[in-house]
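Chains Y and E, in that order, are what the protein sequence lines are.
Take full-length UniProt numbering: the final residue in the first sequence is number 439, and no numbers are missing along the way.
Take full-length UniProt numbering: the final residue in the second sequence is number 439, and no numbers are missing along the way.
Mixed in with the good hints, there may be bad ones.
Claimed, not checked - Label-pair distances were calculated between CB atoms; the ranges are:
hint : chain 1 : residue 1 : chain 2 : residue 2 : range
1    : E       : Val239    : Y       : Glu262    : 48 to 56 Å
2    : Y       : Glu262    : E       : Gly327    : 31 to 39 Å
3    : E       : Glu174    : Y       : Glu295    : 27 to 35 Å
4    : E       : Val239    : Y       : Gly22     : 53 to 61 Å
5    : Y       : Arg198    : E       : Pro334    : 35 to 43 Å
6    : E       : Pro334    : Y       : Lys391    : 38 to 46 Å
7    : Y       : Asp173    : E       : His408    : 58 to 66 Å
8    : E       : Gly327    : Y       : Gly22     : 45 to 53 Å
9    : E       : Asp24     : Y       : Pro270    : 50 to 58 Å
10   : E       : Gly21     : Y       : Lys155    : 49 to 57 Å
11   : Y       : His11     : E       : Glu295    : 28 to 36 Å
12   : Y       : His11     : E       : His408    : 55 to 63 Å
13   : E       : Glu3      : Y       : Glu295    : 39 to 47 Å
14   : E       : Glu257    : Y       : Pro270    : 52 to 60 Å
It is worth saying that the hints were derived from the structure and are not from the lab.
Positions of the beta carbon are idealized from the N, C-alpha and C atoms, including for glycine.
2 protein chains.
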Amino acid sequence: MDETLLENLLHWLRIPSISTGGGDPAEIERAAQFVVDRVREAGGEGDLVRIGAGNPIAVCELRAQREDAPTVLLYGHYDVQSPEPLGDWDSPPFEPEIRDGRLYARGASDDKGNVIPVLHAACELARAGELPVHVRVVIEGEEEVGGASFSAWTKADTRGADCAIVFDSAMEDEQTPAICLGLRGIVAALVEVRTQPRELHSGLYGGSVLNAAHVLHKAVGRLLPDDLGRVRDELREGVADPSAAERASWAALRPGEAVLEEVGATPLHPGAGAEYRVRNGAEPSAELNWFEAGEARTIVPATARAYVTVRLAPGQRSERIREVVEGLLREQLPQGAQMTIGWHLGDPALFPPEEPAIRIAAAAIERATGMAPVFVRSGGSIPAVADLAAKGIPVIVSGFALAQDRIHAPNESYRLASLELGARAGRELLLALADLPRG
Amino acid sequence: MDETLLENLLHWLRIPSISTGGGDPAEIERAAQFVVDRVREAGGEGDLVRIGAGNPIAVCELRAQREDAPTVLLYGHYDVQSPEPLGDWDSPPFEPEIRDGRLYARGASDDKGNVIPVLHAACELARAGELPVHVRVVIEGEEEVGGASFSAWTKADTRGADCAIVFDSAMEDEQTPAICLGLRGIVAALVEVRTQPRELHSGLYGGSVLNAAHVLHKAVGRLLPDDLGRVRDELREGVADPSAAERASWAALRPGEAVLEEVGATPLHPGAGAEYRVRNGAEPSAELNWFEAGEARTIVPATARAYVTVRLAPGQRSERIREVVEGLLREQLPQGAQMTIGWHLGDPALFPPEEPAIRIAAAAIERATGMAPVFVRSGGSIPAVADLAAKGIPVIVSGFALAQDRIHAPNESYRLASLELGARAGRELLLALADLPRG
Numbered sequence: 001m002d003e004t005l006l007e008n009l010l011h012w013l014r015i016p017s018i019s020t021g022g023g024d025p026a027e028i029e030r031a032a033q034f035v036v037d038r039v040r041e042a043g044g045e046g047d048l049v050r051i052g053a054g055n056p057i058a059v060c061e062l063r064a065q066r067e068d069a070p071t072v073l074l075y076g077h078y079d080v081q082s083p084e085p086l087g088d089w090d091s092p093p094f095e096p097e098i099r100d101g102r103l104y105a106r107g108a109s110d111d112k113g114n115v116i117p118v119l120h121a122a123c124e125l126a127r128a129g130e131l132p133v134h135v136r137v138v139i140e141g142e143e144e145v146g147g148a149s150f151s152a153w154t155k156a157d158t159r160g161a162d163c164a165i166v167f168d169s170a171m172e173d174e175q176t177p178a179i180c181l182g183l184r185g186i187v188a189a190l191v192e193v194r195t196q197p198r199e200l201h202s203g204l205y206g207g208s209v210l211n212a213a214h215v216l217h218k219a220v221g222r223l224l225p226d227d228l229g230r231v232r233d234e235l236r237e238g239v240a241d242p243s244a245a246e247r248a249s250w251a252a253l254r255p256g257e258a259v260l261e262e263v264g265a266t267p268l269h270p271g272a273g274a275e276y277r278v279r280n281g282a283e284p285s286a287e288l289n290w291f292e293a294g295e296a297r298t299i300v301p302a303t304a305r306a307y308v309t310v311r312l313a314p315g316q317r318s319e320r321i322r323e324v325v326e327g328l329l330r331e332q333l334p335q336g337a338q339m340t341i342g343w344h345l346g347d348p349a350l351f352p353p354e355e356p357a358i359r360i361a362a363a364a365i366e367r368a369t370g371m372a373p374v375f376v377r378s379g380g381s382i383p384a385v386a387d388l389a390a391k392g393i394p395v396i397v398s399g400f401a402l403a404q405d406r407i408h409a410p411n412e413s414y415r416l417a418s419l420e421l422g423a424r425a426g427r428e429l430l431l432a433l434a435d436l437p438r439g
Numbered sequence: 001m002d003e004t005l006l007e008n009l010l011h012w013l014r015i016p017s018i019s020t021g022g023g024d025p026a027e028i029e030r031a032a033q034f035v036v037d038r039v040r041e042a043g044g045e046g047d048l049v050r051i052g053a054g055n056p057i058a059v060c061e062l063r064a065q066r067e068d069a070p071t072v073l074l075y076g077h078y079d080v081q082s083p084e085p086l087g088d089w090d091s092p093p094f095e096p097e098i099r100d101g102r103l104y105a106r107g108a109s110d111d112k113g114n115v116i117p118v119l120h121a122a123c124e125l126a127r128a129g130e131l132p133v134h135v136r137v138v139i140e141g142e143e144e145v146g147g148a149s150f151s152a153w154t155k156a157d158t159r160g161a162d163c164a165i166v167f168d169s170a171m172e173d174e175q176t177p178a179i180c181l182g183l184r185g186i187v188a189a190l191v192e193v194r195t196q197p198r199e200l201h202s203g204l205y206g207g208s209v210l211n212a213a214h215v216l217h218k219a220v221g222r223l224l225p226d227d228l229g230r231v232r233d234e235l236r237e238g239v240a241d242p243s244a245a246e247r248a249s250w251a252a253l254r255p256g257e258a259v260l261e262e263v264g265a266t267p268l269h270p271g272a273g274a275e276y277r278v279r280n281g282a283e284p285s286a287e288l289n290w291f292e293a294g295e296a297r298t299i300v301p302a303t304a305r306a307y308v309t310v311r312l313a314p315g316q317r318s319e320r321i322r323e324v325v326e327g328l329l330r331e332q333l334p335q336g337a338q339m340t341i342g343w344h345l346g347d348p349a350l351f352p353p354e355e356p357a358i359r360i361a362a363a364a365i366e367r368a369t370g371m372a373p374v375f376v377r378s379g380g381s382i383p384a385v386a387d388l389a390a391k392g393i394p395v396i397v398s399g400f401a402l403a404q405d406r407i408h409a410p411n412e413s414y415r416l417a418s419l420e421l422g423a424r425a426g427r428e429l430l431l432a433l434a435d436l437p438r439g
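Whole structure, please, built from the sequences with the hints as guidance.
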């Protein structure tokens, strides 16, 4: 283990850079400044960039020896989720502790521990005069709150990069590294329905007046999937079928039944586990995440609120599906009912395995870890990756997290072995990307 | 105004007999004992009856001069809802104050002020040796919390009565008294669905695992009415059509549109107001009163809860409709989802206008107030009335409350004019019921 890497990580983890509420803006800034300081110490340059009232982004650069080298953008986030409930931690969340080969702290896996090995490798290579690519380090502080700063920065950035590295993802299992080729997009709707100025007595008025819970129940019902979990055709617009080769590669992965069992999930139906890789990687899905209306007594609710999310498969466009979702929600709104909707959108992203950056990355990770990475897709959404993909920048989404790391939960941790794998993979990756064709 | 009546009411209103939480059991008992004391002072007898851990029921009797007189049961409730939010009261809720011909206090209208004139009339008649009917005074303390004590007492009571008076109801308008012939029954279901041991990430698992909110959404959807507010046929089983005469009498009442407008309601559809009397008095209805699941973020909820109430029209049986409701809720429950249901049932009640007690009451109220009472039905449920009706006791449901009394809300009040009308009506009623045929 590289002692400097571990010391740097411990230092970074001690900064409580909480973005999800209850955090201190000064600590947010310290965690961002830490990145700038590391890069400057290694001979690079950089500074904090602020977009509006958002948390600062550390935007830095380590230049390659060769001026015409390709440019690699290293993305990560220094912000963490709040550590509550504090009583459930075996050691304080911002006093990192090593026990049995694991480093316990909030952010240990998500994302400080996952991203710092690549940052460290870039700094060490630069210091040694061996950095073969220009590395633009862009580490943001609003990932956990879906903030808009990074998206705005990417859109405004005219320099771009020849590829990006995002280490915010997981291994397939404790031995097998993975590269995530696809991420789903998202259309999230926060819907509110209002029907009356106030609640009414359900015996005296129910059945004659508009019940906000009924109106919203019906509206969100238009978005929910059938009993097999399949969403209606309008919500499937644009879905790109995965190639036969990619489907075949999923068959070699851990069975979907095992993925569900690992988290104690109840399958949607008997066949849902077997279809997991296709469903989660290449199909849209829709969930009612939240519904809240009325009280458990005899009233007619006057307001009702829900949060519904539609995940988009690669090929779909979030702005188009937003229109479809809004149409379905408003389609049969009765006279006298008001509906307001707040939106959050993210496009899907998909990188072909033949993409030069992906090919180079796969070979580099295999050299570093001794195992060829498997190609996976994730059903989740990483808006930053979609933002980069939208600019035509291929993104290497990888990392050494594991399901056991308990990210976002008490006793979050990261294996020292994962840190080591990350350091080796980060170094090989930066060296190998020198061969990347320049865009 | 009878000064003793007013003083007695003020005394009773000063006792904070709150049953809905935050109340003091000693005050509950004082309010019940107040009834016993009034009856004893008038030469009657009585005591507090306790059923299990329930609030005491004041069970008393004033005997008529003539031993073979009919027996009248006077029902009411001394418990009140908690007065929160206290800051919204213009005067303290348990320090009654008279302003502009209205008496302001919690319980002023519901039910202390509404019931005490009849109690007072019975005591005064007994004191004067002029009481022509035996009066069983049964005033309970769990009406506001749907407690089971009165129901258990009624079922166990072998003496019964020839008719009952329940003054817990309202006038048709400020001038017109009303007798409520029908009350709807209720089947209330508190439903909980559980699908997973814990919440899951909606991107990683949504679409492959059971979402508790989806399961409950679908289940309660089976109970909800169509866009015209009509419930499915299975829930209409047993509905008794009102007679042509009764329908015709509703046409003479205030238009349903005005009833809805009075509370600022948004009609279910353009024709809902015109149909109000039939819908509310003679049709079943169903409401989703409460739905709660998940959080407004990207999770798959593991539990979801709802409160659904079906109001039953006269003719329907609550135990039978409970079976239908349970069948609908459980009908398509997917494998792996658990559903638990808590029930609260109440039968509907209906008294024909030709019923001797009703005919006598209508004439007596007209003599007392100068206005013939109109016959109405209420869409609400008074379980005590259903309990009495189930024993074959005809119930005169009336009273002098008004929609403006703000029952259950801050600044509850009762008109002094209503108190006066109640006293006159109570006296005439007791005198006239001497003619009641004995059961």
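Between glycine 327 of chain E and glycine 22 of chain Y, does the C-beta distance stay in 45 to 53 Å? At roughly 48 Å between Cβ atoms, glycine 22 of chain Y and glycine 327 of chain E fall inside 45 to 53 Å, so the hint holds.
Do the beta carbons of glutamate 174 of chain E and glutamate 295 of chain Y sit within 27 to 35 Å of each other? Since glutamate 174 of chain E and glutamate 295 of chain Y have Cβ atoms about 31 Å apart, the given range 27 to 35 Å holds.
50 to 58 Å as the expected CB spacing between proline 270 of chain Y and aspartate 24 of chain E, which holds or is violated: 57 Å, holds
Does the beta carbon distance between glutamate 262 of chain Y and glycine 327 of chain E stay inside 31 to 39 Å, or does it fall outside? 36 Å, holds
Does the hinted range 28 to 36 Å hold for histidine 11 of chain Y and glutamate 295 of chain E at CB? Given a distance of about 34 Å, which is inside 28 to 36 Å, the answer is holds.
Could you see if the CB distance from aspartate 173 of chain Y to histidine 408 of chain E stays within 58 to 66 Å? Distance hint for aspartate 173 of chain Y, histidine 408 of chain E holds at roughly 59 Å.
CB-CB spacing for glutamate 262 of chain Y and valine 239 of chain E relative to the 48 to 56 Å hint: 52 Å, holds
Within 35 to 43 Å or not, the Cβ separation of arginine 198 of chain Y and proline 334 of chain E? 37 Å, holds
Within 39 to 47 Å: is that where the Cβ-Cβ distance between glutamate 3 of chain E and glutamate 295 of chain Y falls? 42 Å, holds
Within 53 to 61 Å or not, the Cβ separation of valine 239 of chain E and glycine 22 of chain Y? 56 Å, holds
Do the beta carbons of histidine 11 of chain Y and histidine 408 of chain E sit within 55 to 63 Å of each other? Check passed, 60 Å falls within 55 to 63 Å.
Holds or violated: 38 to 46 Å for the Cβ distance of proline 334 of chain E and lysine 391 of chain Y? 43 Å, holds
Taken one by one, the earlier hints all hold for this structure without exception.
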